[in-house]
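Residue numbers (our numbering), protein chains in the order written: chain P, -12 to 332; chain R, 1367 to 1476.
Everything labelled a hint here was simulated from the structure, so no lab data went into it.
Where is the CB? At the ideal position from N, CA and C, for every residue including glycine.
Now the stretches of chain P that chain R is said to cover, found in silico as 3 or more residues with beta-carbon under 8 Å:
(1) 246 to 260
(2) 278 to 286
(3) 306 to 313
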Amino acid sequence: MRVAETCIPAMTPVTLITGFLGSGKTTLLKQLLDDPALSDTAVLINEFGEVGLDHHLLERLDETMVLLQSGCLCCTIRGDLADALRDLLSRRECGLVPPFRRVVIESTGLADPFPVISTIKSDPVLRHHFKVANVITALDAVNGLRQLETYGESVRQAAIADVIVLTKTDIADAPDVVRLTEAVRRLNPDAPMIPASDTLDANALLNGIAREQASGFHCDEPASAGNARSPHGSSIRSFVMTVETTIDWTTFGIWLTMLLNRHGDRILRVKGILNIEGEAFPVAIHGVQYLVHVPVHLTSWPSTDRRSHIVFIVDGIEPALIERSFVAFNGLGTSSPAVRQVEEA
Amino acid sequence: MCSLCGILGGNEHWADAVARPGVYTRNVERIDRRRERANRVRIANRVLSVFGLSLTDWQGSSFLLSTRTGKTEIIEDLGHLWPAAERLCGRSLDPLDEPFLERLEADARG
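Bound conformation, chain P alone:
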């Protein structure tokens, strides 16, 4: 039996769920697996035993793959992630598994999310069939701040996140939650933060970033620099570069590729909405370290603000130096954008 091709998107979106050890990502995953919204989803997890699927089980397809009552396909990753995804793709094409329309991957607690994203974007087979839709990071409201201050992995997971789910907020002290929120905002000013709850909408969570990209650009006001502690020393920071005039696209491409080629390991994220010279509507860009997603041409401006805003999350790079470099390069293009302000979060 061959799966009807109309059921399957040309590029299957992949969501990565990450979070430090004990951050509650398995609990979050359990909750998502209960949701009928995941009926068309293949979920790759580390270990069946951790999630406890027995009461959801409909059929065991083989030792690494089970079908849940909701219709969700659940697989364990044995060895290489790329092999697991290729195997899933092959089985779907052959009609051996239900025609899933998206993939959710649970990463291990100590994993840096970047290699997973890199695998999907650079593998010669996977990059033509899967696209990274978003990264959801579970952050423990009780221990999260200590983890951010102690472990680089935790900082990178929070910095790369498109959506942050605050877990254990029911048992955390309110001042701790406020301090954690401030610390996260300093690291990642533009990721929506939502508390984990019994009513968490899986569909909204998994599709959230797509909606955000379609509607424009989200960025909270940078957190006050007053009493928020800077997690993990002070080397990782975020800032928003605001450009008053239009940007020359050709020059921007040359500048950003040169910047990421040399400093991609220290530029954890770059995300922005650009007012491009000669274009009526803005262009959204989104990059994680060395990888930049294809630019999205928005169909409207999210507000009356026509300035370009670019959020950088960097490790040990001076914001002023990035700004100076940006201005110097743009001086070579047809327009000469002036950076009015660099706001550090």
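Using the hints, position chain R against chain P.
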């Protein structure tokens, strides 16, 4: 097809994205594509000249990156440009390097 690895389609670079709904690219009409390539060569050369390198368009499909002594590499897109430039130069090309920025700023002032 990539002549080295034999893979169809090659890698899509974000600055040369394939035209499709919702994606911003200048890779649509032939005239736009050629104009964009000409602009890219012109602007990239102002940066590369600081390092003694030059870029030329090759048949509208690739670029030739050369040193002043004629050592040349064929590159496909901006993703390949900077690693190739560093190989040919034998040093890292850092857009945050202050002496480099001073040269660039002086160039922009004309």
